[in-house]
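**Student:** The chain contents come next:
2 protein chains.
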Amino acid sequence: MDKHNYSTPVSLKNIQVTDTFWKGEMELVRKEVIPYQWDALNDRVEGAAPSFCMHNFKAAGKLNREKKEKGNTFIAPKYTFRGFEVLPEDPKQLKDDEFYGFVFQDSDFSKWIEAVGYSLTQHPDPELEKIADGAIDIVCAAQQDDGYLDTYYILSGRDATFTNLKDHHELYCFGHLIEGAVAYFQATGKDKLLKAAERFADYVAANFGTEEGKLHGYPGHEIAEMALVRLYELTGKEKYLNLARYFVDERGKRPYYFDQEHPEEVKKGHEDELRYFYNQAHLPVRKQDEAFGHSVRAVYLYSGMADVARLTGDETLYGACRRLWDNITEKKMYVTGGIGSTHLGEAFTYAYDLPNDTAYAETCASIGLVFFARRMLEIAPEARYANVMERALYNGVLSGMALDGKSFFYVNPLEVLPEACHKDERKFHVKPVRQKWFGCACCPPNLARLLSSIGSYAYTENEDTLFLHLYMGSTLEKKIGEKTADIRVESNFPWEGDVKITIRAKDTGLKLALRIPDWCSRYELDGFTGGTEEKDGYLYLQKDWGEEEEFTLHFPMEVRMIAAKEAVREDIGKVAVMRGPVVYCLEETDNGKDLQKLLIDPELNVTVSDGNICGTPVKKLTAAGFRQLDTHIEKESEALYHVWKKPEFEKAELSYIPYYTWANRGENEMQVWTRVRD
Amino acid sequence: MDKHNYSTPVSLKNIQVTDTFWKGEMELVRKEVIPYQWDALNDRVEGAAPSFCMHNFKAAGKLNREKKEKGNTFIAPKYTFRGFEVLPEDPKQLKDDEFYGFVFQDSDFSKWIEAVGYSLTQHPDPELEKIADGAIDIVCAAQQDDGYLDTYYILSGRDATFTNLKDHHELYCFGHLIEGAVAYFQATGKDKLLKAAERFADYVAANFGTEEGKLHGYPGHEIAEMALVRLYELTGKEKYLNLARYFVDERGKRPYYFDQEHPEEVKKGHEDELRYFYNQAHLPVRKQDEAFGHSVRAVYLYSGMADVARLTGDETLYGACRRLWDNITEKKMYVTGGIGSTHLGEAFTYAYDLPNDTAYAETCASIGLVFFARRMLEIAPEARYANVMERALYNGVLSGMALDGKSFFYVNPLEVLPEACHKDERKFHVKPVRQKWFGCACCPPNLARLLSSIGSYAYTENEDTLFLHLYMGSTLEKKIGEKTADIRVESNFPWEGDVKITIRAKDTGLKLALRIPDWCSRYELDGFTGGTEEKDGYLYLQKDWGEEEEFTLHFPMEVRMIAAKEAVREDIGKVAVMRGPVVYCLEETDNGKDLQKLLIDPELNVTVSDGNICGTPVKKLTAAGFRQLDTHIEKESEALYHVWKKPEFEKAELSYIPYYTWANRGENEMQVWTRVRD
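From first to last, the protein sequence lines stand for chains A and B.
The first sequence begins at 1 in the UniProt record's numbering and counts up one residue at a time.
The second sequence begins at 1 in the UniProt record's numbering and counts up one residue at a time.
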């Protein structure tokens, strides 16, 4: 680890994203997702599963108020477990002192306020800010005198606080609260929620640690690790970094902390090494080589590990991050940047197990992979991290949201037969069309917070260098000492590969590091007159800048047929089609039924054309190919099996659309991996 | 339906199977399975899940005895539900008045006694018969005064008798008891168990029917239908046929009987048509077109339907049987004769959904398909039924048992990666090696009863015609009026396609109907001098027989590459290799790891050789083929995805073994469907 290579995300206050593509996504979030989500948090969306989130905060606030009014005579309810999800007897008559919904429902607010914060940096909106301030008032009113702030336990019984770290998401909600509070403070300068989050963090710090008398536990669902690092980086208070490090260090130590909480797990007689894989707590993190368990939790943990490694210079921890990164991206990642091959536990499976039709590939997991990627980039600017970040963003992340921003996928399969989704219980998790909202609504708000802050993934910086990881149209300001450099990036990514960069950086000593995407085999730099150096997939530019200079990068966006390693059983003999960073797919709407009968011509005669999907402009591809004809069987045309005959084909044009735009035109078959006629 | 075409199975008393292949299987059952099973029934197999079966009968018998001793003062326990499987608190201290095990555990005995009966016809064994008689005494001692005989309810509370037909297998155990009793009577002439079964049947007949005051229910797990027909055919008592017909007719009528039993199912809000699919009770049977639900239950029902249709001449019912047959064999059957594509509900899914690696294809389901096939043959001698029967027997059925008869498969996948079975919960039902015994032990005893009675599937007869469905070496006697014809069949099926038939049938008017297997495109008949006619896949022979005549059939056993209909997504571009009726597969032991990299040469250069698997002689195949080489990727050899390059291959010899012999040489990869390099 070389601290000279470190970089940090450019503050959203110093970027304005102007990019047609990403600005469009951000506007969808601002205009559709954030208001919709606010309605959802308040259970006002007809036909959607209620969140109960704001109800719970209000109920907890009422309890607080009554407690104060009654002085010390208030007695908290004694905790009894009522299931992972508490449903009201009568959904129309919520009791005003009851908790409802999933135990992690508080996090719905936190993700929303985080997205709101980011959005305000790009598009000031006093109305929205007012709503957000009001929501913050409600949330803060629920905070206990000791700083504790989780409505499930406030309403169900504080005596059970921190008794089920493994399953109850208490520290997960805590982490999300910090993330939301930091984002909102950074956007608005308002610190009410930040102070509340700090008080909660102080409470947690007072209760967890290696010291005697403290709990030696750690989160069952990770995120607090990276959240605490953010809080540390904002406030400079070491104790938050220490708490993050403690959570990372304690995880997976023997005897297992979760064994105390969950004697029933011990009883199950799982071999020692098999316990808590799901929670990445089967081994101390520094000994982990393989990504296991719930994939969202996993990448959230690895992100936190990378953060702690960066700040503490911990080489061993960084080594584990690198090994886990390699394991995911070389053995367990779909071509779309999707991760998590099975819905059972929403989890990673074994190496090269990447089934297309039963994939889980949760939107949140790809988002988490983006988090992890950026944190690895912050430590070392190697293009392999940005390549995966880009792959996930344009494919497995964006596919999570409909083009109108009104419906969402949890699961992002690479092959869909709608009949299977309806009739085959093994594929019930795979939805052939996006859903409006989920009771367990992690993906839509997670998309909202990522997309609203997308600029902070495109660019990182250190003292004198600006790193361009994604070529996103933007204007940026960069401070270098006392001076300010202005940078303007113009591009029509991901549809065209030209990037125009305009620099006003006279006497600043600004350096630029430009990522060379892995999808182009050559590139051109036009109009730049200074020194260049290529390293780790970045092109470093340095010169004495004039008043205003501009130059252009050309990344040829060729259409490529991509093969998977032959170890991937599901993809052997097949190819995925990509153009630039975009993965393409076939849909029944364009290609008819039975996509398995289609083959692509390996000569790859392909035309690229401007088109649109439901009004959204995209590049479409038309590739020469074939349709395998049904074998003509004499007499028994209905026979399921017949003696093989040399297959016959007719020519067919394969119409490809970007994978992330699938399922916007109704329920139909979809396929990413298509046979190649070699 | 033409009664002139009807035939019935040849009595096992009139056949001696002499066939090397099948006699070997029967001897395994006799020497290994039957004694092992007896130990299992008595919980004497170390390391295997206890059956508790004989324990339960003894406990019920004790209750009976005490009841008699105490006169009428005995009060039966009040029923409380204790789960689908009742496990003892201390497995070493069973209480002598408690029921243990699955609710259907009684059927373990019934299947065993059925196999014993069949076995005694082929191999008299006074020792075994003595053990069987002793077991029958124990079972009969458990029968209640009113004829009721199901130990779960006798021991748990008779007040709940017939209150959960849907799930509790009461009428399933009843059906198996009849099957066992009939078989044992037919083999030995001893009627103690038969009388008990009749008394139980009388009790059931008195309680079920359309009449007022009777229960209008029917079995949740079918088998009683076909069992009652057997009892009718043995005893001539119409009421048993009527009860069978009632069960068939009542099934699926609205309002659903199971709705009364299971208000919770109604509450679930499943659409009306979706309820009881699992039990084939979603529609009246005559309206059913598609095979649904639990596949064993389904084919047991269809077998019973065919029996009732045959005996009642019910064309509409027969029409349903034909439609369901076509639906299974044209849309839902693996090339091995396996059925049931999903482990969830051990069930059929939708048309052409035949995943190889997650297949369920339960051994019992293939056995049930054999039952159904023979019953369809009994109505109409069309080779398509016998073709499927043969396919299932040599492949999906036999694969259920290890070559040493000591371990068993429940699930018969067509592709196995052992790592997946261990690490991927979606494939935990797929075992890479056979298991010793199962707590829910349906498959091993079902195999035992089928294999011991295999002669009755090979041959059926009517007044003057002997139908040869399978070419199984045997000697048979056939009565024609007052005369007797002796027939000897010699073959080395399934390894060689020559069949020598010797007839001593002077003045009998014997006709022969010889099935022409679907796997040979031509055949020869040598040495026969009479009249021949081909119809529905059978070659009919007729002549005035001399004292002794012999002739030979030659069915060329060519190796064939078999393709599935292009609608089967999992198999497109792939072939299965068959020789005669035997499906072949690749195993890692012979072909190395990563079987997905292998391709077969479509020229099909194949050599057939004599070999053995663990000492069992088989024909092995060696086919010319290729191994796809790993693409050489510059720089990034670990990259999961790369730009497609024309694949390179090296020549490889593909070593095929018969599918049913797989997994006899330890845990390893296996694959039936292999890519063809076309």
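Treat the hints loosely; a few may be bogus.
Claimed, not checked - Using 30 Å as the maximum straight-line C-alpha spacing, the simulated BS3-like pairs for lysine-lysine come out as follows:
hint, chain 1, residue 1, chain 2, residue 2
1, B, Lys253, A, Lys287
2, B, Lys268, B, Lys253
3, A, Lys95, B, Lys268
4, B, Lys268, A, Lys92
5, A, Lys436, A, Lys483
6, A, Lys78, A, Lys31
7, B, Lys3, B, Lys13
8, A, Lys3, A, Lys58
9, A, Lys646, B, Lys543
10, B, Lys62, B, Lys267
11, B, Lys23, B, Lys13
12, A, Lys651, B, Lys58
13, A, Lys331, B, Lys646
14, B, Lys651, A, Lys423
15, A, Lys423, B, Lys195
16, B, Lys423, A, Lys436
17, A, Lys3, A, Lys13
18, A, Lys237, A, Lys3
19, A, Lys645, B, Lys195
20, A, Lys645, B, Lys423
21, A, Lys620, B, Lys646
Please keep in mind that the hints were generated in silico from the structure rather than gathered at the bench.
**Student:** Next, verify each hint and record whether it holds.
**Tutor:** Hints versus structure:
no.: 1; hint: Lys253/B with Lys287/A; result: violated, 61 Å
no.: 2; hint: Lys268/B with Lys253/B; result: holds, 20 Å
no.: 3; hint: Lys95/A with Lys268/B; result: holds, 25 Å
no.: 4; hint: Lys268/B with Lys92/A; result: holds, 20 Å
no.: 5; hint: Lys436/A with Lys483/A; result: violated, 48 Å
no.: 6; hint: Lys78/A with Lys31/A; result: violated, 43 Å
no.: 7; hint: Lys3/B with Lys13/B; result: holds, 25 Å
no.: 8; hint: Lys3/A with Lys58/A; result: violated, 46 Å
no.: 9; hint: Lys646/A with Lys543/B; result: violated, 44 Å
no.: 10; hint: Lys62/B with Lys267/B; result: violated, 41 Å
no.: 11; hint: Lys23/B with Lys13/B; result: holds, 16 Å
no.: 12; hint: Lys651/A with Lys58/B; result: violated, 72 Å
no.: 13; hint: Lys331/A with Lys646/B; result: holds, 22 Å
no.: 14; hint: Lys651/B with Lys423/A; result: violated, 42 Å
no.: 15; hint: Lys423/A with Lys195/B; result: violated, 45 Å
no.: 16; hint: Lys423/B with Lys436/A; result: violated, 34 Å
no.: 17; hint: Lys3/A with Lys13/A; result: holds, 25 Å
no.: 18; hint: Lys237/A with Lys3/A; result: holds, 21 Å
no.: 19; hint: Lys645/A with Lys195/B; result: violated, 57 Å
no.: 20; hint: Lys645/A with Lys423/B; result: violated, 38 Å
no.: 21; hint: Lys620/A with Lys646/B; result: holds, 25 Å
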